[in-house]
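Asker: In case you want the letters, here they are:
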Amino acid sequence: MPTSRALAAVVLAALVAAPVLADDAADGVEFVRLGRLHVGDGTVEHNVVVAIDDGRFVSVGRDAPPAGANVRDLSQHVGCPGFIDAVTQLGLDGGAAETSEALTPDVRAADAFDGHSKDLAAATAAGTTCVGLSPSPSNVAAGRGAVAVQGADGRWELLERNGPPVFAFVPPALSAGRVPSTVAGARALLGAAFEGRRWRTPGESDPPVRDAALDMLAALRDGPALVHADSAAAARVAVETIGGRGLTPTLVGLRRGHIDPVALAALETPCIITALDPEDSVALLELPGRLARAGVDVTLSSGSPARHPNSLRLAMALAVARGLPTSHAVPAVTGRAARALGVADRIGRVAEGLRADLVVFDGEPWEPSTRIVLVVAGGRIVCAPSETDR
Amino acid sequence: MHPRSRPLLLLAALLVCAPDAAHGQEAASGRDGTDAQDEASVQVEDGEVVALVGGIVRTAVGAEIRGGTVLLRDGRIAAVGKDVVVPAGARSIDCRGKIITPGLIDADSWLGLDPADTSARLPGAETRASDGFDRWDARLRTARQEGVTALVLGGNREQIVGGLASVVATSGAEPISADGPLVLNLSRRSAAGGLQGAARAESVRSTLESARYRRTTLERWQRDVAEYESARLKDGPTAEERLLLPPELLERMRLWTPSQRAAWREATYKSMGRAKRYKKPKKPASPPKSLSSDPGADAIDAVLGTKDAPATRACFVRAALDGDVAATLELANEYGLDVTIAGGAGLRDHAPALKKSGARVVVTELADTRSARGTPSARRPTGLVATLVTSGLKPAIGTGGAGASRFIRLIASREIGAGLTRAAALRAVTIWAAEAAGVGATTGSLEVGKRADVVVWTVSPFSAESRAEHVFVGGREVTDADE
Amino acid sequence: MSARRFGMVALAGLVGAVVAPSAAHAEDFVLQAGTVVTADGDVLVDGGSVFVSGGVVKEIKPGLVNPWGAEVRSHGDAWLLPGMVEAHSQGGLERANETAPNTPFVSVLDGLDPLSPYFENLLRDGVTTVFVVPGDATLIGGQGLVLKPIGRTAEEMIVRRGAGLKIALSPRSGTSRMAQLAELRRSLRGARTAEGRQVVDDPDATARSPRAEALTALLAGTLPAVMACNEPVDVANALRVMEEFGLSGFLSLGTAARRALPEIAKRGVPCVLAADLEPVESNPETGREVRRFLAKECVDAGVPLVIQANEASPYGMRSLWYQAAVAVSQGLTREQALRGVTVNPARLLGVDERVGSITAGKDANLVVWTGDPLDPASWVDHVYIEGELVYERAKDRKLKRLLDGISLGRPGDDD
Amino acid sequence: MRRATRLVGLIGALSCAAALTAALTPSHSDAAERERQSLVFTGVTVLDGLGGVDEDATVSVSDGRLRLAPVGDARTVDVDGAFLAPGFVEANGRLGYVSQEAEITRELTAWIDARDLADPTARAFREAALEGTTTVVLAPGPRNLVSGLSQAFHAWTRAGRAEPIADAPKSLHAAISRSPSIGNFPPRRGPTTSIYARRPTTRMGVVWLLRQVFLSAKGVQKATNDADLAPYRDVLDGRRPLRVDCHRLQDVNATLRLADEAGMNVVLDGAEEAYLRRDDLAKRGVPVVLGPFPDVRTGIGVDFTDTALRNATMLHEAGVTVALSAGTSGARWLREQGMFAVRYGLSRDDALAAMTSVPADLCGLTDRGRIVDGAAADVVLWSGHPLLPTSRMLMVVVDGEVVFDRTGFVRKEAQ
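Line by line, the protein sequences are chains A, B, C and D. Numbered by my numbering, the letters in the first sequence go through residues 7 to 396 in order. Numbered by my numbering, the letters in the second sequence go through residues 377 to 859 in order. Numbered by my numbering, the letters in the third sequence go through residues 116 to 530 in order. Numbered by my numbering, the letters in the fourth sequence go through residues -5 to 409 in order.
Please note that a few of the clues may not be correct.
Just a few of them, taken from the derived set where beta-carbon distance is under 7 Å, the chain B residues facing chain C [stated by the list, open to error]:
hint: 1; residue: T503
hint: 2; residue: D507
hint: 3; residue: G508
Hints are computed from structural coordinates only; laboratory data are not their basis. Keep in mind it's a predicted model, so treat the numbers as computed, not measured. The beta carbon of each residue, even a glycine, is placed where N, CA and C say it ideally should be.
Given these sequences and hints, build the entire structure.
Answerer: Here it is as structure tokens:
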């Protein structure tokens, strides 16, 4: 389906299709019958009826909908929660790297968010209804992420302005010419900052004015955090530094993690593997599978905007082709991503009370050959490519 | 070596001669485990007859055969069908419930080439991609595991004339075709290429124009030479010489060039005191050296076609943008080129013209991979392959990259999600890819007489969960399907 | 401050140079040693006597005997070996390559520094023959010479002229492997047709160009090709080109090219192994790293072993004797390893008529070691080249200076 | 956060426990089983690392410890002519860093732990173990005035990485040489991103700043940030050794001067010119960790030092405690350092001790680097004497686990 048509579909959906699932039914409840449903936590339900009201899932079960209810029969199809692309810069206008200082905890991804971005529309068409927005890992304390969702009215909106703080234990945050230049230095710098002081040399005196950035870091006590690290060795230092603070870290990147998956697994920390690509070494492509089988929560992320949002599905396919059990494939782009972003109580699963984000396929979601039949966001159809195509 | 050598060994007790430990490679535990597969990844079983029995055979040319058998003998496909009799002594593999397809082919790949090799300047167009193919590249092993049996090496991707494409087998055996189509890069891939868009097309035109000029010049010269030769034959021994000279010398004289003959006469007659000048026939001027003996120019010359003499060599043209495709079609028409056009979104609007021109197409901008960069995120063409099929073309799918070749099945699979039929998807990575590279008669489908490049899959190759259980390249099973 | 130190070193070098050729004339003498390893296969453990006359080995007899009645030079407990042969080196050249890609006409003859410490150090390591050839940075790099490391002019040092033309197939920067090969084919084809034209059609042609001359000699087989191959694909290409054009010669391998050893064995083309005998290869696909043992692989593949020294190693320590010891550690016999630094390289270089073993009729290139040459505790005590004593450790003042430093045995400066 | 992970992944974790072993460890589980078994080496020549040699000895490995008697239910390793030696201990390991040897954006980084600078999966660690080095004490590099704390690692383990040795003492590393000041310029007003905007800028400044920090810690000078001085107090109180990277004699002199002023004990690293003050060093009991050897052809060492190849020998003969190290060239070359120490005059036993028990003691690893009853089981089986280049590693045992094993090949070949 051409992209232009996908865009058209989004617009159409907003204008035409939305009312189909909207409040015009007598009791306001919309029912969708699905042949198979990936709940988002690794479980699969067969022949379920999902009830949606007021933008939320109100029930998921086998019970037949009441007679005369507005039922959409998709019993030949497979549903799953809308995809969550956990670490992206989609819709962040003007770049996301603020490299003037090492500690910029007050930089907010939400401040650069543009809900009308074409990239985000393309993401919707690819089944992604939620993105985790992150500042680039160019500073040790890079800033705060945000969470955006496809809104019911066709444009994207922020779900959470105050997303997880983002830390970086990777280049370019650490490189010659930056302070600090090593992982060890990042530990020292952050360790001091968490105590509200500068990292100094004996003999240096403290500056006369309090530093707002230090205060902000010192105030961090708990909650999720995204931590960029490339290897298991850097991940260890990162987890010790961030986890030692009481934050709940999720590791991001890990493009050298395949060198020592055992050490990575031993950290017992969830991992987000970004931008899996057919060009990658087999050892890296096999990393999600190895970690998953070792009991680590694995999330996949597309690497957008450098790459098409649809590459999230290619990443799933590559991971499955190289050993990721299929039971982990859907959680890797839904429930676990939500948990890493700290929004698991609102999205990421098809469960009562959560935001009604649903993607329906004509096959398994991790198969690149399957087509998206329907994308529902916030209870409304935002994309129905097969309908407009037909 | 010598009987005397024994005392040395005794004396060497001090040094306790190292054990004759046979370890051409280090054997150790853990991560360091022996790397045997890396070395002897391809098992050679010559002369074996293999029968793949009872599978779902997708030949890529005809209809699907359920419960069919494919017979491989001497590196070729010996039989395909439902009622194939398995000869006694054949190795029979039960393929019930399995899918048998031709080996997959990436229609535009750089796997096995040094990245630097794909952008460097070339001395001439005769440069062959297969000369740079490193059959020891570790990624080839994964390619075989993923059912890829052949790669179209797309030569240089930066220079306007990119040398000759080659088709190589992933087993690392001799190239299927070393001397393939001439690569022309109309689209610029990176900053290294120098010229842009229209300027590149113009540069291709001037290349072809000078090839045409060279051809006419050479033809004229050849005519002149022929005239000279006939004149020279007429200029035989004089009556006087016939009378005086021994027959052996006369016979040898016949082979002399006119100038040699004239020089001889001058010297001989002079010594005889008869300094008579003899007229030297006018020798045609040699064409400039660059025109006469230039293998690069010869390679380009072969792509020129006329009504009477069609081109003897095809062109593989990278034309990503709209304008590039249009320019390519124009050039093809003007110079009688036989073109395969490799590109992306630019192909869409020219589908009817492409169909009319008989050009073959390769869609390369689907991979969305690092090495196939150049297509900004949201512009990746979706459904392009399906559109081209609908227009009656036979698009092949190429990754336009190196590592991505290994996962051509998943890249093609995405096109199914975008509207391509499964049958067409299989053709796009087998027979159409072979045809695009000019080896359609040799490989790319399960037909009797073709190379035995065959894969047995657990389920459809377009499923992420599928595994290639048996992979045959040129009739030899590559045994590294599973670690 | 560093000037001081460089000054010291320069001074030391000057002193060391005095060690160089003692101008004693070749006389008849008998060299006796407790252990004689001829490297042709014989090992005389109960002592051996070598009769040298006119710079040539005349006869070898077991035991400390002197039936020839000549002057006896006896080294009771020492080991006597043939001078080792270094098969591939850029030593003594200021820069190893021209910047132009195609320079068949240059020769190391014109760039050689006979006073380079490189040659002096060869003597300290028991090497008496060396093939110096341009480096691998150009396509056709120029011609090499087989030399002895002693003499005041390059001509004095020559053992064999026209010993090889360096052709490097791995791409230099900015070019590609395919392009390199196409260019080589063009050059060779050009030389071949030029040659053909000369014979048949062009009696008036003027003198040949030096470029054509070198390539013509190459095509005629009188000048061997030295094909530098970094990767296995280069080996495949080198063998193909050698066959296409009927070239003779040998390969000089990079570490990765070891994967093509079976092909090399099949074609019977000799080769020099990479200087690093134990490279680590990593598989980009699996990340797995494996250390390879080149000498062992070479012998297992059935290719005659030829080892070169590893000048690039830390501290420049990997001399030929050390490399041979490494080969033994890889599981080779001592004889195999020693042949790899003596007779085999001599044969590869086409100088086995003269050097590479202690054999009657060959040059008297003899090295007296204090003990087993494969033990680092042993030292080269005396070196003879063509019967002349050219090195004596006892008189090596530079070595003494290196060993004892600036204190030269004085007590610490505080005392 | 770990609790949270566990709660959520409870079922997964339970079901995946088995999968973890299957997926992440080498699949040959029987092989893994065998590795955990005890080992008995019989009929080997034992070099105990303390200078002793015991031919035809029996040594067992059981529960990570060495026993000088056979133990029951053990795999017997019996290779003809093999030598068993303690694994080498690299006391000044400078390998496997992720990017830089030190956090160079500050000049005094006493709290930086070498563990955080290292990539334990780095090839260099494995290479070191393959050449018989079982312990690497990783030291931050000398680019900083005080660069941080060392970390002792098991050079390689079955998990495919180096592992830190729990509870190993850490020493503080400082540098008195050219490197801490090279390229620096004084920090000016306002923020600058240059890492070179730091003190000191001269060789004098190096000593001045170091003196300042130690005298402040001692309380002799006024201190500003008291907490930051704790690491220096540890040194002054004798809780941590101070290792000083110094190369030239002038640096050695400055180090001793500073040690006198602050009243602390130091260990010298590098110390290429230490032989010039050897009697004084012996009198004061200052140990040195030498290495790596300079270029043997020029005698120029780190920091343009003018060294003596017999440095180790002269120091040892004068009574100085000498350990050998391969330093920046990587612990793979430690064995070679030992061989060349022998070449330059150290006895084989002294050289081996200088690579095993001596460095182990200097680093506070007093149960490593020796084969005595009850010592930690870091041993290496060699085909011959470990300080001969003709010998080959046959088995490496680190902390009681077989990390590399080539004995199988030997047996196969013998049959």
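Asker: Does the closest beta carbon of chain C sit nearer than 7 Å to the beta carbon of G508 of chain B?
Answerer: 4 Å, holds
Asker: Verify the interface restraint on D507 of chain B: the C-beta must sit less than 7 Å from at least one C-beta of chain C.
Answerer: Given a least distance of 4 Å, the restraint on D507 of chain B holds.
Asker: Can T503 of chain B be said to touch chain C, with a Cβ gap under 7 Å?
Answerer: 4 Å, holds
Every hint from the earlier list agrees with this structure, and none is contradicted.
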